[in-house]
Amino acid sequence: METATLQPLAAALPPSPSLNHRILTATTVPHFKQIHAQILRSGLDISAPFLSRLLALPLASSPSSLDYALSVLLHSPSPDFRLANRALRALSSATDPRWTLVAYGRLRRAGLALDRFSFPTVLRAAARSGCYNEALQLFDEMKSSGVIPDRVILATILSACARTRNLTSGGAVHSYIVESNLSIDAHLQSALISLYSSCGSMDTAQRLYDDTSPKNLVASTAMVFGYAKLGKIAVARSIFDQMTDKDLVCWSAMISGYAESDQPNEALKLFNEMHLLGVKPDQITMLSVISACANMGARDQAKWVHIFVDKNGFHQILSIRNALIDMYSKCGSLVDARTIFDETAFKDVITWTSMITGFAMHGNGRSALAVFDHMISEGVKPNGVTFISLLYACSHAGLVDEGRRIFESMIQDYRLEPKHEHYGCMVDLLGRARLLQEALEFIESMPFAPNVVVWGSLLGACRIHGDVKLGELVARRLLELDPNHDGAYVLLSNIYAKASRWEDVREVRNLMKNKGVIKEAGFSWIELNGHVHEFMMRDKCHPRSNEIYGKLDEVVKELELVGYSPDTATVLVDLQEEEKREAILLHSEKLALSLGLIDSKKGSSIHIAKNIRVCNDCHTFMKLASKVFEREIVLRDRTRFHHYKDGVCSCGDFW
DNA sequence: CTAGGGTTAG
Numbered sequence: 001m002e003t004a005t006l007q008p009l010a011a012a013l014p015p016s017p018s019l020n021h022r023i024l025t026a027t028t029v030p031h032f033k034q035i036h037a038q039i040l041r042s043g044l045d046i047s048a049p050f051l052s053r054l055l056a057l058p059l060a061s062s063p064s065s066l067d068y069a070l071s072v073l074l075h076s077p078s079p080d081f082r083l084a085n086r087a088l089r090a091l092s093s094a095t096d097p098r099w100t101l102v103a104y105g106r107l108r109r110a111g112l113a114l115d116r117f118s119f120p121t122v123l124r125a126a127a128r129s130g131c132y133n134e135a136l137q138l139f140d141e142m143k144s145s146g147v148i149p150d151r152v153i154l155a156t157i158l159s160a161c162a163r164t165r166n167l168t169s170g171g172a173v174h175s176y177i178v179e180s181n182l183s184i185d186a187h188l189q190s191a192l193i194s195l196y197s198s199c200g201s202m203d204t205a206q207r208l209y210d211d212t213s214p215k216n217l218v219a220s221t222a223m224v225f226g227y228a229k230l231g232k233i234a235v236a237r238s239i240f241d242q243m244t245d246k247d248l249v250c251w252s253a254m255i256s257g258y259a260e261s262d263q264p265n266e267a268l269k270l271f272n273e274m275h276l277l278g279v280k281p282d283q284i285t286m287l288s289v290i291s292a293c294a295n296m297g298a299r300d301q302a303k304w305v306h307i308f309v310d311k312n313g314f315h316q317i318l319s320i321r322n323a324l325i326d327m328y329s330k331c332g333s334l335v336d337a338r339t340i341f342d343e344t345a346f347k348d349v350i351t352w353t354s355m356i357t358g359f360a361m362h363g364n365g366r367s368a369l370a371v372f373d374h375m376i377s378e379g380v381k382p383n384g385v386t387f388i389s390l391l392y393a394c395s396h397a398g399l400v401d402e403g404r405r406i407f408e409s410m411i412q413d414y415r416l417e418p419k420h421e422h423y424g425c426m427v428d429l430l431g432r433a434r435l436l437q438e439a440l441e442f443i444e445s446m447p448f449a450p451n452v453v454v455w456g457s458l459l460g461a462c463r464i465h466g467d468v469k470l471g472e473l474v475a476r477r478l479l480e481l482d483p484n485h486d487g488a489y490v491l492l493s494n495i496y497a498k499a500s501r502w503e504d505v506r507e508v509r510n511l512m513k514n515k516g517v518i519k520e521a522g523f524s525w526i527e528l529n530g531h532v533h534e535f536m537m538r539d540k541c542h543p544r545s546n547e548i549y550g551k552l553d554e555v556v557k558e559l560e561l562v563g564y565s566p567d568t569a570t571v572l573v574d575l576q577e578e579e580k581r582e583a584i585l586l587h588s589e590k591l592a593l594s595l596g597l598i599d600s601k602k603g604s605s606i607h608i609a610k611n612i613r614v615c616n617d618c619h620t621f622m623k624l625a626s627k628v629f630e631r632e633i634v635l636r637d638r639t640r641f642h643h644y645k646d647g648v649c650s651c652g653d654f655w
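The opening position of the first sequence corresponds to residue 1 in the UniProt record's numbering, with each subsequent residue numbered one higher.
Hint data in this document are derived by calculation from the structure and do not stem from the laboratory.
For clarity, every value in this text was computed on a predicted model and none was experimentally measured.
Careful, some of the hints might be misleading.
BS3-like cross-link-like pairs, simulated, lysine-lysine; straight-line CA separation at most 27 angstroms [to be verified]: (1) 515 <-> 540; (2) 229 <-> 269; (3) 515 <-> 557; (4) 269 <-> 232; (5) 557 <-> 601; (6) 551 <-> 513; (7) 580 <-> 602; (8) 419 <-> 229; (9) 557 <-> 513; (10) 540 <-> 551; (11) 280 <-> 246.
Quick list of the computed label-pair ranges, beta carbon to beta carbon [what the hints assert, rightly or not]: (12) 180 <-> 438: 55 to 63 angstroms; (13) 632 <-> 307: 21 to 29 angstroms; (14) 438 <-> 319: 18 to 26 angstroms; (15) 111 <-> 137: 38 to 46 angstroms; (16) 405 <-> 638: 35 to 43 angstroms; (17) 316 <-> 401: 35 to 43 angstroms.
Note that CB positions come from ideal geometry on N, CA and C, so glycine has one too.
Sequences and hints are given; from them, build the entire structure.
Encoded structure:
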């Protein structure tokens, strides 16, 4: 600790008015330094008002002035808890909460401990700036220093646990509350409900919620959020519908719930409803809406949302711009994505990664790598997600050596630890390039046990290259990990079908039936004139169904003239050949295409999206249709875009 | 004072 530079008795004297006035009107660091010198000469200890003012100014946000403020504090005659607390409070209310944490770190290193008044301030700052682990650490420190946490602290710390999905710590806090016989008020109850619903423990959350009366807005929102996260969107909706006073936060929770449960259409519908009721969205709502648009891949809707964003002043917010880049990529408009990207002056790691992902999705591996190089030259540090996108870009473009190099570089140059997803991408990359043995060895060299994603990548590669033997082995491993993995059964039977091993196909199918494993239902949608039309397989729900089926017949006949013949090999159901033919011709994307052909002209492009991967037959069908009907067909499947033009697909038939 | 909703990948 530094020695005091002033006489302690000086603290008792009132500050001189002129000095006080100078403190209150100071606006720059040099100004403060002058005053500080004067204070030191005068022998008065007025560090507290001095610091309050200094720390309350926006200039305290810069590291150098923060540094100065802290040194004043630490060198003041009596750097005590109260002063430290005042400084921290001033700092936390005026600036980025992170500075409060920085300040706290410096105070600690200088030997100053926090008192019971400082803990809430720093804890809140930690929670607000997303430093949840630090918040938990502070909570432990606080308890061991004998300070009794009050409701405010407990609610804050529960929120930190909820956000980090840390049920262990959160549960401990809950026990602590029960053991210390603290009465649980509405605020704490909501915090607890939020903890359990964030962690997916809906039974516990529901029990606590049932005990609540009347139901409060915050607790109900937490319930909506929790059920939506688990995919129980109908339950979430019924709670939402029962809420009488809805505010922006609960609208947003419900909208993002739909957006993330693959119901982007519902998300947008709800957004419209909210809009009509006059509830003004904020940036968080807009992020969900943009993300819903992205998942839907609806270009007209996307344009509308973009205009809405511009009109309502959200367009300068970086996270919004990032979401827009992603949205346009996923809607098939790489050009628009690129424009926003180029017009974004300050780019963070998400901006760059979104652009890389955009190129990757469209199979443009070289551009993805170029964006990465640019990012590095701009000094932006890539994260784990960036590398997933890069590997994925290499994989879809067949850039094997580049992929290997990037994987190594991730570890060596960027000191990032590859996770399951990264290994999965590498396996995919090697597998696609027919390096199946190397892919298997790669899996065996992993430092941790491979999961279903990693095995699934290899199984997919076995399907592409028709490796029955390895496919069987991999499927077995995969089913050991997850006996109900629908993808494993489907891929395995596809592998058998490709090898014409019908007995085995039947066996896999029976196994699925006995276990009750259901293949995810495929559906497609197409946007025409701002309207989204959805199709299931064999769907006759569309009002123009007759017209669509008539068109489909016509299309099939024309394609058969140029050599198309339905590839029934992958039909899993045991049917007569004629029925198989019918089944495959009624796949949802073919229905969507038929409608698209009716409502578009030669030379235009047709955009279709699908929730699962496109089948072999539909892929061939689209290629031929693009040539015969002179349309560019853009099909987005679960992971990537296929651009069909003049009978060729951009994916090079590996997908 | 404190509690509820968010962007890149999988």
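Using the beta carbons of residue 438 and residue 319, state whether their distance is inside 18 to 26 angstroms or not. violated (39 angstroms)
Does the structure keep residue 557 and residue 513 at a Cα separation of 27 angstroms or less? Roughly 35 angstroms separates the two Cα atoms, so the pair is violated.
Can you let me know if the beta-carbon spacing of residue 180 and residue 438 is within 55 to 63 angstroms? Holds: the Cβ-Cβ distance is about 59 angstroms, inside 55 to 63 angstroms.
Restraint check for residue 580 with residue 602, where alpha carbons must lie at most 27 angstroms apart: Violated, at roughly 31 angstroms.
Can you confirm whether the C-alpha distance between residue 229 and residue 269 stays at or below 27 angstroms? holds (19 angstroms)
Given a hint of 38 to 46 angstroms, does the C-beta separation of residue 111 and residue 137 actually sit inside it? Since residue 111 and residue 137 have Cβ atoms about 18 angstroms apart, the given range 38 to 46 angstroms is violated.
Residue 638 and residue 405 - C-beta distance against the hinted 35 to 43 angstroms: For residue 405 and residue 638 the Cβ distance comes to about 27 angstroms; the hint is violated.
Residue 419 and residue 229: Cα distance at most 27 angstroms? holds (23 angstroms)
Would the pair residue 280 and residue 246 pass a check requiring their Cα atoms to be no farther apart than 27 angstroms? It holds: about 12 angstroms lies between the C-alpha atoms, which stays within 27 angstroms.
Distance restraint between residue 269 and residue 232, which requires alpha-carbon spacing of 27 angstroms or less: This hinted pair holds, its Cα atoms lying about 18 angstroms apart.
Could you check the hint for me, namely that residue 632 and residue 307 are 21 to 29 angstroms apart, CB to CB? Hint holds: Cβ distance 25 angstroms, inside 21 to 29 angstroms.
Between the beta carbons of residue 316 and residue 401, is the distance compatible with 35 to 43 angstroms? Holds, at about 41 angstroms.
Consistency with the previously given hints fails for numbers 1, 3, 6, 7, 9, 14, 15, 16, ordered from lowest to highest.
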